[in-house]
Amino acid sequence: MSAELIVFIVRRIITAALTVVSVSLLIFVLLQAAPGDPVTTMTAGHKVPLERIKMIRETLNLDKPITVQYWLWLKGIFRGDFGTSFIKDVKVSVLIMERMPVSLQLVLISGLLTLILSIPTGIVAAMREGTILDNALITLSVITASTPVFVVGLLLIIIFSLWLGWLPPMGLEGLFDIKRLILPCSALSLTFVGLLFRMLRTSMIEELQKDYVVKDRAMGLSKRKIIARVFKNSLAPVLTVSGFMIGSYIVFAVLVEYVFGLGGVGSLLVNATLTQDFPIVLGLTVFISVVFVVSNFVVDLLYGVLDPRIRYTSRK
Amino acid sequence: MTARARFITRQIRKAFTRVRSNFLAAAGLIIIGFFAVLAIFAPLIAPFDPYTIDLNATYAAPSWAHPFGTDHVGRDIFSRVIYGARIAFAITVLVVLIELAVSVPLALISSYIGGTFDEVVMRMMDMIISIPHLLLAIVIVALLGPGMRNAIIAISISYMPMLARLVRSVALSIKEEPYIEACHVLRFKSVRIVFAHILPNIVSVIIVQLSLDLGYALIDMASLSFIGIGVQPPKASWGAMLSLGKSYLLRSPWMVIFPGICIALLVFGFNLFGIGLGDILNPKARRRGK
Amino acid sequence: MSRILEVKQLSAQFELNQKIIKAVDSVDLYIDEGETVGLAGESGCGKSTLAFSMMQLVPPPGKIISGEVFFRGQDLIHGSEQVLRGIRGNRLSLIFQDPSSYLNPTVSIGMQICDVIIAHNSVDAREAKRKAVVLLNSLGIPEPAQRFHSYPHELSGGMKQRVLIAMAISCDPDLVIADEPTTALDVTIQRQILELIKEKVISEGSALLFITHDLSILAEICDRIYTMYAGRVVETAPTVEFFQNPLHPYTRKLLNAIPRHDLKRPLAEIPGFPPSLDNLPPGCSFYPRCDLRLESCQEVRPELRELKRGHWVSCHNV
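Chains as they are written, first to last, in my numbering: chain A, 1 to 316; chain B, 1 to 290; chain C, 1 to 318.
I should point out that these hints are in silico values taken from the structure, not numbers from a laboratory. Treat each hint with caution, since some may be false.
As the list claims (entries may be wrong) - Taking lysine to any residue and the SDA-like style, the derived pairs with C-alpha atoms no more than 20 Å apart in a straight line are:
#: 1; chain 1: A; residue 1: K223; chain 2: C; residue 2: R85
#: 2; chain 1: C; residue 1: K253; chain 2: C; residue 2: F243
#: 3; chain 1: A; residue 1: K210; chain 2: C; residue 2: L16
#: 4; chain 1: A; residue 1: K225; chain 2: C; residue 2: Q82
#: 5; chain 1: A; residue 1: K223; chain 2: C; residue 2: P105
Construct the complete structure from the given sequences, taking the supplied hints into account.
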């Protein structure tokens, strides 16, 4: 592992940590900016006896100056403590742990599906640019990208559960319940297949015009090898988009969980929003943002691995 | 007409021909236009009032009387869908306008002034971007209280950083161009430089981004309504209709199918238009030989 | 002496914005085994396009519209992609003009050389690597074993060109086409690269087609020379004859334009501009700039005629 690579990684870790700090700051500021004081916000709409309010004030450290409040809140985040729900009387991190497996399944399987669907089609479309197949794929990609994830989900349920009766509509039983995972994962992956496909296609088309491809052909390299190298070089812009896309991905997973009644982190968020359980809403937001930052970090790392030139330039 | 006015009319006319000849942009515009007509002439086109409850005709499947069926309280879905177009346009246009009004001047001024002000603004934008935008919108609405107005504000805020960044990066690269330096030498006032010289070159980039944002805003708004914190019932927004319809999904799927397809179709129209516009305004990106 | 490359009436054109650009127009060319042949002409006269066309590497919107190219009897125009792939880089290879853009920036230079070796020889990766290091060494690259892992952006222009040459000669080709290999380099490096090509290509017995606009280089290394103007061959002759007795007005002007430090005179130039290739006149393309021109030159295009043994010219007036 070369020196530049280590420097690169360390730099990225620092950036990631700083981003987490700024996210927490933002959310803290939002909390303060909301009408009323934090206690009112946190207990909105619920009847809470006075003793509990005092306890809440203590837990929230509301008697301390604001900078200390923020510092304690931040420390908590880095320790994995995302707050406590006063309605359910349980720590947010505990709730997250309970529901992680479901969400993980959903996101990982959908992600895999998206890659499997978008990469081969992207390569084929780039190689057959301008043909009917290419245009058909592009049209298809725009259509899938235009349909909101929950509409896709609902329509899938209607088609496959109601009309065809092939698959059960909702709920999830235990781990790896494939039958119940097909529809939600399809819905989630379809939304992003279009975007990824188009990014890859555009990137590859541009890369295919580069001179080194001429050199490879002039040297008699096999088509497979040439395409493989072009593909590797095309990934950079795709990765950039992916980093940003992952955020939307996670949030759309929330919607999918709501549509299909899956008991994951996402439906927790939705329910908390509807019941105005703010500790959960805010705690989850921080959690999800941290996940977002971490995945961007991983994407950045991949960037550095794929393109050695990046390791030398210090700033993004 | 002054020479300037003639010039502008000529540009507009040229723009129209280019749009007409670009298939994507034209197709997108047709779809958008279709829904716009529905929105504008809703009272004339819709057979029923979207809020009228008819408990004798609940859960009715599509028929001649009710082409899209009725919902759980007997409201005609066809009419509701048509009126939903109004809300859809109102929302997306508002979001985009707010976004435009705040981000663009901010980004232009910030990039022009540079220095600490620019740094601070950029850090703030970075902070906002580090939370996925729909999530940010959810949090803001949750804190402000559910409702259409708050949802619009929340979504606009979550879009600002992206537009600001885009404008800023283009503005920065233009700032270095020799003709801007010439303006300095000629002692033009800063405001004039920014708005009369830098801005026109950014317009094409902004327009493309905004037309895509129309589609995204619609999706995000529908998502918020779907969760229940956006447009509140009994307002007939497509997202809210989906939220209601979800509970009766297996019984009356038509409550979900028609609003859902409308959202997809209108977003599709916005996307087509945005992509087509991108093609028109960026001839360098055109495919060789075509 | 067997003929390894035979080009007959090759024409290639580009279609851009509804205009047709005739880059190569009815070109005849041949190269014998072991020969060094020069191809001279201004920028934009079609020399590079000719080189790419011969190897069927012209990218769309360009295409070959007529003519034949035979390499060792193998039809390159109508050959299958598989056959072509077996020949390119193996028996017939190409050295490019600008090494920076022709090297893959994310693959180490050693690997790129190995690519070529592996494509045409059934050797394993270790063996290919060994060969590549040997090649790098023979081309004067210091610390070849370490340099193997370097990326193109870590190398200077001259080094990169050495890498390209290494790739081109790695499989001991019969014919190497060098497309202005020194043009993009510093003057001092140019001489080094030229010596390298002499040593590694010519002395090894490969035939060489050297494309350049610098006639002095051709004088040094070539057996025969072709001149091109506006996509057509206008003159060809053995080197000595070419320089002692140039016949075509364009060639004469070109030779006259070579700066001479021994003659005290201002720099000579050819008045006017090369014609734009999408709007070629029916007659001789050199007409507007020619000293010997007559009215009739405008109407009929001159064909190549053998005026002396081995010396062909396309002009009405010599």
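For the pair supplied as a hint, K223(A) and R85(C), is the alpha-carbon distance within the 20 Å limit? holds (9 Å)
Given the proposed pairing of K253(C) with F243(C), does the C-alpha separation stay at or below 20 Å? holds (12 Å)
Would you check the hint for K223(A) and P105(C), treating anything up to 20 Å between C-alpha atoms as holding? holds (19 Å)
Holds or violated: K210(A) to L16(C), with C-alpha atoms at most 20 Å apart: holds (19 Å)
Below or equal to 20 Å on CA atoms is what counts here, so check K225(A) against Q82(C). Given pair K225(A), Q82(C) holds - Cα atoms ~14 Å apart, limit 20 Å.
No hint from the list above goes unmet by this structure.
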